[in-house]
Amino acid sequence: MRLSGALLVPVLRTLPWRALGAAGAVGLLIVSMARLSDAADEPLALNLLRAGVLAFTLGLAFVLDDPARHTTTPVPTRRPARHALRVALVAPVTAAWWTAAVLLVPDGIRPPVGDVTLEAGAAFTLALAASAAAVRFSQAAEPGQAVAGAVLTTAVLGLLLWPERWALFVATQDPKWAQAHDRWGMVLVGAVVVWGACGPEPLRRRVVLKPTRV
Amino acid sequence: MSAVMEAAPTATRKQSQNSWAAVIALALFEARRLLITIPVLLGFLVYAAWIVWRAQDYADGYPALQDADRATQGGPLLVGLAVLLAVNQAVLRSLRRDTERHFTVLVMSRAHRTAAHLLSVVPAALLTAVCVAGQFGWQALKPGALGHGSLGELLVGPLTVLAFGAAGVLIARVIRTPFTAPLVVVFFLFLFLLSTGAGIDEGWTRWLTPVIGVSSSNTLPSDLIGRPAAWHALYLAALGLTVALLAMLAGGGHRARSVYAGFAGALALTVLGAVAQGQGVSSEVTAARERATLHPEHVQTCVERDGSRYCAFPEWRGRTAEWARTVAEVRSLAGGTAHDQSLLVRQRLDARYGLDGDAALDPATTPHQVTVGTTWGGNRVPEFSAAVAGVLVTGDEKTTGELCDGRMVTIMWLALAGQSDPIGSLKNVRLDDSVSGSAIVLSQTNPLSMTAGQTTVVRKLLEQPRDGVAAKVRTNWTELTSPKVTTARVAELLGVKAKVGADKCN
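From first to last, the protein sequence lines stand for chains U and B.
Quick note on the working numbering: the first sequence kicks off at 1 and runs consecutively.
Quick note on the working numbering: the second sequence kicks off at 1 and runs consecutively.
Bound conformation, chain U alone (with noise of 0.2 Å):
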């Protein structure tokens, strides 16, 4: 405990700040148009919400970034407590970032506040649950541009391709709406299952003998 505590200004000195600023400043851009533009309603506004909290999942996929992280694997505190310690830090800035992102949109025409809440946690989790198993299965010490390029290609693939039968990008109208939700509850759940099966560390280290590809 006494070393998380050691390790909270060095941690909070190396998180990837300039990509959590730019992802945040390119998503609140995004949802101010909700209040800027005239024509804006409510499934503008919903569609502007959730391009503003693809953009700041995208700056969350370098949340996990760590060059150090080869030096690091054999101290003492566990890959988990640190992981757990940068999303620790990370979470009220994304917790200020949302709801700055929700009052941006105006009364009239904000979506439910409690289901685009779940959508929207279930998109951070999911970026984290990524770089976690990008951290698990690969050597790279900083995956994040890689891990962004995935979650940015599954947002747009999931948007053209994803199955009717079990949609998730529901509009407010819809009846749907309800049975959508639940199933993104099932998205976040599943997120942090991967994310804690993906946080200790490897007993083994995966040699790689020749050299990695991008």
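Errors might be hidden in some of the hints.
Claimed, not checked - Here are the in silico distance ranges between beta carbons for each label pair:
| # | chain 1 | residue 1 | chain 2 | residue 2 | range |
| --- | --- | --- | --- | --- | --- |
| 1 | B | 49 | U | 108 | 34 to 42 Å |
| 2 | U | 177 | B | 295 | 51 to 59 Å |
| 3 | U | 189 | B | 504 | 52 to 60 Å |
| 4 | U | 177 | B | 22 | 53 to 61 Å |
What the hints assert, rightly or not - Away from chain B, derived, C-beta distances all over 12 Å, residues of chain U:
| # | residue |
| --- | --- |
| 5 | 5 |
| 6 | 13 |
| 7 | 96 |
| 8 | 100 |
| 9 | 121 |
| 10 | 137 |
| 11 | 174 |
| 12 | 189 |
| 13 | 194 |
| 14 | 196 |
| 15 | 204 |
The hints are simulated quantities; they were obtained by calculation from the structure and are not laboratory data.
Please read all numbers here as calculations on a predicted model, not as lab measurements.
For glycine and all other residues, C-beta sits at the position ideal for the given N, C-alpha and C.
Using the hints provided, position chain B relative to the given structure of chain U.
For chain B alone, kept in the frame of chain U given last:
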């Protein structure tokens, strides 16, 4: 001494040749890697699937090529965004792997590597061009295809990919962080969302985006479309070149004067294209649109087939045979004088709003004239046969549109009995896709309306063998087509037992 003096220039030339050969080699290597990165691979896979899926029943198998060329523009946007992301990651690879220091000792300068990365986008754009050609060629080879595609519209897809790729290199050279490109992609996605969803931009600014949609599903003759397709292709090409040369300037090419000159030239071309494409519809096109709308007979050519005249815009001349076949089918079922009545089938459209708006056509008032639109296949066939049947029964289109009696049954039976799937056609031709109850019947001009009783009678007639009903129709033709005949009387004449209410029209 002199030997050394002579040897020196040769060596210099050889070196410069070598560096360009190296640029090409690096470009080929990077192009190969670019095409097998996961986002680009997935982008092309989804794009190919989209092409195949769109091509299945595009325009009901009767495509107009002046529309099919525009239909190739949406898919390459996805590929373009994937290329932007992948090329950006490729440029940043040396930074990520910390090999930038090693490259600085090589003969290839940073500018040469930037040029190679820019060239590596070209194969992806060429592949897109092949896909566009395939998509367009698929439609062009269909037997029902007509019209003329525009090279300018077809070039938009590949040029979009080039411009997005150049933007990816530029971003990597200006902002050397790995998180910029994904955020830019999100921003572009959001711009597309906004431009398609809210439609905020009108006037010349809307032409600044790569792909400009239309708000109408009208098909117009290709000389009435009035889109500055060639100027827009020039604008896109010049924009891509400007961004690429900007990337060269940012990526170490700022010492070469030729890059500055090229940049200035490309920028001038971009401005020229942007200004030229924003001029709006020319007065000649507006005049041609008015002429085609109000006096189509001045621009149409007519052909005689089976005693009827078919007048079509020049591009549609090949389709008169299809119209004649439908007219012959309907006429063969009719009785009395209608069986040999000669008709004037005239193609009409309202082109005054171009592709920015739809307008309904007024029904023709000339006796024995039938209106046919610019699209064909699918639902358009029963709509046309209903118009033909209406004119055969009532004499002109305007009377058909105001019809409110038992003749409606005869019209709908004549129109649909010759179709391969009469009940299915009845369903399709009605606005609410139903086969019972009252409904609006779609048409090229004013819609018709059927009461619930008429629907029941027509459905029962269509379920019976065609020849038997046709004989009854011919025998009772005069009474069936006399004005004010009630639906109940028509049902009685044709031997249909059904509860038929009074004829009421709203």
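Against the structure, the hints come out as follows:
In this structure the hint that residue 49 (chain B) and residue 108 (chain U) lie 34 to 42 Å apart at CB holds, the actual value being about 40 Å. Taken as a hint, the range 51 to 59 Å holds for the pair residue 177 (chain U) and residue 295 (chain B), whose Cβ atoms sit roughly 53 Å apart. Against the hinted window of 52 to 60 Å, the Cβ-Cβ separation of residue 189 (chain U) and residue 504 (chain B) comes to about 59 Å, which satisfies the hint. In this structure the supplied range 53 to 61 Å holds for residue 177 (chain U) paired with residue 22 (chain B), their Cβ-Cβ distance being about 58 Å.
The beta carbon of residue 5 (chain U) sits about 30 Å from the closest Cβ of chain B, which is more than 12 Å, so the claim that it is off the interface holds. Non-interface status of residue 13 (chain U) relative to chain B is upheld: no Cβ of that chain comes within 12 Å, the nearest being about 18 Å off. At the 12 Å boundary, the C-beta of residue 96 (chain U) stays outside the reach of chain B, the nearest C-beta of that chain being 19 Å off. For residue 100 (chain U), the condition that its CB be more than 12 Å from all CB atoms of chain B holds, with the nearest at approximately 17 Å.
Consistency note on residue 121 (chain U): stated as away from chain B, and its beta-carbon is indeed over 12 Å from all of that chain's, at 19 Å minimum. Separation of residue 137 (chain U) from chain B is adequate, the least Cβ-Cβ distance of about 15 Å exceeding the 12 Å criterion. Residue placement check: residue 174 (chain U) keeps its beta carbon more than 12 Å from all beta carbons of chain B (closest about 17 Å). Separation of residue 189 (chain U) from chain B is adequate, the least Cβ-Cβ distance of about 26 Å exceeding the 12 Å criterion.
Interface exclusion of residue 194 (chain U) from chain B stands, the closest Cβ pair being 19 Å apart, more than 12 Å. With a cut of 12 Å on Cβ distances, residue 196 (chain U) stays outside the contact zone with chain B, its closest approach being about 26 Å. Taking the minimum C-beta to C-beta distance to chain B, about 25 Å, the non-interface status of residue 204 (chain U) holds against the 12 Å cut.
When the structure is compared with the earlier hints, no violation turns up for any of them.
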